[in-house]
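Using the sequences and the hints given, assemble the complete structure.
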Amino acid sequence: MVLKHIRRARNKIAFIVRKIFKKRKDIKIGLYGPVNSGKTTLANRICLDWLGEEMGKISVIPHETREIQMKEKVTIKSNGKSLTFNLVDTPGIATKIDFEEFLKYGMKRKDAKTRAREATKGVIEAIKWLDKMDMVLVVLDSTKDPLDQVNITILGNLDARNIPFIIVANKVDLKTSKASRVREAFPNYEVIGISAKTGFNIEELYNALFRKL
Amino acid sequence: MPNKCTVCGKVHPDNAPYLMKGCDVCGNKFFFYVREEELKQAEKDIKKLTKKEIEEIENDIKEILPEAKKTKGSIILDVEAIRVIKPGKYHIDITKLFSQKPIVIRIGEGRYEIDLSTIQAKLKTKHP
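As given, the protein sequences belong to chains E and W, one line each in that order.
When the letters of the first sequence are read in order and numbered with my numbering, they come out as residues 75 to 287.
When the letters of the second sequence are read in order and numbered with my numbering, they come out as residues -14 to 113.
Hints were generated in silico from the structure; no laboratory data involved.
Even for Gly, the Cβ is constructed at its ideal location relative to N, Cα and C.
Mixed in with the good hints, there may be bad ones.
Unchecked claim - Partial list, derived from the structure: chain W residues whose beta carbon lies under 10 Å from chain E:
1) Asp45
2) Glu48
3) Ile49
This is the structure:
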């Protein structure tokens, strides 16, 4: 118990020191979340809105993003203010990765095994990068149960490390979406319902970034 | 704790010189890290994976953790954050990965360990 408090205090001090010494231009915003929650779609939306180009490839096959991708110097503007940051898209975090899942999409056995291996490596890399983030957007699929082990573990770790974050309840354009369920599951945190695909309510997310940073 | 060679299956006593030189029977440098009480069970479990599967998994681990590829010493394997059930099938304990402890991988039903902090410390010593 005492150790837990010491660790939290140490993390908080480390975070404050990072904030003091880090130049504003080095701000990193990370996109974290489970597999296929729309992290890369959101990264693409942000990059399209402010840079005029996409960031990464998306796919219906899980674990399309298997390496950390970073887009530098993304500048967003709102109400006469501007904010520049490096946008970091991370591989989806999962507790099980099985190559047989990829076979269902017509992938060859060898390619599916390679994808599983790379996806596992991606999970390790994503978690390693967490401490480099100044802020995190936790992208959740609002059509799914938010009380999932992956979601709770990510949020718990961000909270413990004092890394500011916003929960993005994505895919609100889908009929089965229930952003309210995400809000009810995490009442102590800021939740913004958006559709990265259509751009619905994305302005609210940009405003939230200004409030948090 | 005793260590068992993943290729020929020879069980070596703790702190034996083979850890740096490789198994004295087959030269392999991957070993199970086996607790005394679990030794009998591990012997049964490892038989569930074929030699080809073990080789495939070992190569996958080298890709997943490049630090393991660089080391010339032996890699001791035990149970923790990642379990490789079969080639291409992984169970990941994300809580342990988030805890920032050394990354440890378990293969199949046997017990394997990769302690990155140990490997990195060795590399720093060799290449300061």
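Which numbered hints fail: Per hint list: zero violations.
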